[in-house]
Amino acid sequence: MSDDDLAELARDLPALDIDPTGAERIAHRAHAALGRRGLVQAVIEPVLVSAAATGVVAWTVLEILAVLR
Amino acid sequence: MVRCTGVDPEAAALVDGLRRGDRAAFDSVFTAYRRKLYGYLARMTRRRDVAEDLLQETFLRLARHATRLAPDTRLAPWLFTVAHRLVVSWARAQAVRAQLAGELCGEAAAPERSPLEAVADSQAQLALERAFGALAPAYREVALLVGVEGMAPAEVAEILGLRADAVRQRLSRARDQLAAELGELAPARPAAKPGRTA
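Chains as they are written, first to last, in our numbering: chain V, 1 to 69; chain E, 1 to 198.
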């Protein structure tokens, strides 16, 4: 059997499709998620970045105060 | 994930739309790939309910990742890569579940018609569906991606994370097993032609 024969066989496979209600539900959920960032990007990442930035600022302020004393 | 330089303008426009979070572009992609992905997922899991869940997860991942797609993303390999990974995860979970339950793992054919076989219109289609179902998942996957989706072995290799020659080997075994399963129903032409290469 060649690749062409395989393709010919595959063409005869019954067509499968999800039912329209299921398709509509998936599309609806995907629309809601479109462009929305996942939990890591939307929540955890900003929290970590904010914490790191705050830490650096606090450390800088403390260092400046230590020098000024 | 899956990128290249030669993307056709229509596909590039869809990717561009997705990157902008455009619903119309998403709907076009959904319409274009829904049946292909569902067929692949249903034939890999042998369960329509699981296929529906995995199809949803595939498109949810596309939706969440849409704005971060590279401009030269090829959608078909991207979507099939996600679908393949979901199938692998599902199969692993199934194996663990079966082991915990002390059941014999595997895809032993049910005595009655499977939901996939029930859609067959003729005995030939039924035999064909059963022959594909009888293939080991690794061979079935390659046969579906090359035979049904018309992908080149190199493209399939990219999706499955394999070398192209490993894909060609699996494809060769899949063809042999299909021919053996189908017997007289298999195309009678000799397998002298070289395999499709990328």
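Source of the hints: derived by calculation from the structure; they are not laboratory data. Check each hint, because a few of them may be wrong.
[Claimed, not checked] Each computed SDA-like pair below joins lysine to any residue, with the alpha-carbon atoms no more than 20 angstroms apart:
hint: 1; chain 1: E; residue 1: 36; chain 2: E; residue 2: 169
hint: 2; chain 1: E; residue 1: 36; chain 2: V; residue 2: 44
hint: 3; chain 1: E; residue 1: 36; chain 2: V; residue 2: 20
hint: 4; chain 1: E; residue 1: 36; chain 2: E; residue 2: 177
hint: 5; chain 1: E; residue 1: 36; chain 2: V; residue 2: 63
hint: 6; chain 1: E; residue 1: 36; chain 2: V; residue 2: 27
hint: 7; chain 1: E; residue 1: 36; chain 2: V; residue 2: 48
hint: 8; chain 1: E; residue 1: 36; chain 2: V; residue 2: 60
hint: 9; chain 1: E; residue 1: 36; chain 2: E; residue 2: 183
hint: 10; chain 1: E; residue 1: 36; chain 2: V; residue 2: 65
hint: 11; chain 1: E; residue 1: 36; chain 2: V; residue 2: 46
hint: 12; chain 1: E; residue 1: 36; chain 2: V; residue 2: 11
hint: 13; chain 1: E; residue 1: 36; chain 2: V; residue 2: 58
hint: 14; chain 1: E; residue 1: 36; chain 2: V; residue 2: 16
hint: 15; chain 1: E; residue 1: 36; chain 2: V; residue 2: 47
hint: 16; chain 1: E; residue 1: 36; chain 2: E; residue 2: 81
hint: 17; chain 1: E; residue 1: 36; chain 2: V; residue 2: 62
hint: 18; chain 1: E; residue 1: 36; chain 2: V; residue 2: 21
hint: 19; chain 1: E; residue 1: 36; chain 2: V; residue 2: 10
hint: 20; chain 1: E; residue 1: 36; chain 2: V; residue 2: 35
hint: 21; chain 1: E; residue 1: 36; chain 2: E; residue 2: 173
hint: 22; chain 1: E; residue 1: 36; chain 2: V; residue 2: 8
hint: 23; chain 1: E; residue 1: 36; chain 2: E; residue 2: 49
hint: 24; chain 1: E; residue 1: 36; chain 2: E; residue 2: 25
hint: 25; chain 1: E; residue 1: 36; chain 2: V; residue 2: 54
hint: 26; chain 1: E; residue 1: 36; chain 2: E; residue 2: 20
hint: 27; chain 1: E; residue 1: 36; chain 2: E; residue 2: 68
hint: 28; chain 1: E; residue 1: 36; chain 2: E; residue 2: 165
hint: 29; chain 1: E; residue 1: 36; chain 2: E; residue 2: 77
Next pair to validate is residue 36 of chain E with residue 48 of chain V; report whether the Cα-Cα distance is within 20 angstroms. 40 angstroms, violated
Pairwise hint evaluation, residue 16 of chain V against residue 36 of chain E, where the allowed Cα distance is 20 angstroms at most: Status holds; Cα separation ~8 angstroms.
Agreement of residue 36 of chain E and residue 81 of chain E with the hint, judged by alpha carbon distance not exceeding 20 angstroms: 13 angstroms, holds
Quick one, are residue 36 of chain E and residue 54 of chain V close enough, alpha carbons at most 20 angstroms? This hinted pair is violated, its Cα atoms lying about 49 angstroms apart.
With the threshold set at 20 angstroms, check whether the alpha-carbon distance from residue 36 of chain E to residue 46 of chain V stays at or below it. 37 angstroms, violated
Given the proposed pairing of residue 36 of chain E with residue 35 of chain V, does the C-alpha separation stay at or below 20 angstroms? 24 angstroms, violated
Taking only the CA atoms, is the gap from residue 36 of chain E to residue 68 of chain E under or equal to 20 angstroms? 24 angstroms, violated
Holds or violated: are the alpha carbons of residue 36 of chain E and residue 63 of chain V at most 20 angstroms from each other? Violated, at about 61 angstroms.
Check whether the Cα positions of residue 36 of chain E and residue 20 of chain E lie no farther apart than 20 angstroms. Roughly 25 angstroms separates the two Cα atoms, so the pair is violated.
Tell me if the straight-line CA distance from residue 36 of chain E to residue 25 of chain E falls inside 20 angstroms. 18 angstroms, holds
Pair hint residue 36 of chain E and residue 49 of chain E, alpha-carbon separation not exceeding 20 angstroms: 16 angstroms, holds
Sort out whether residue 165 of chain E lies within 20 angstroms of residue 36 of chain E, counting only the CA atoms. 25 angstroms, violated
Checked against the numbered hints above, the structure violates hints 1, 2, 4, 5, 7, 8, 9, 10, 11, 13, 15, 17, 20, 21, 25, 26, 27, 28; every other hint is satisfied.
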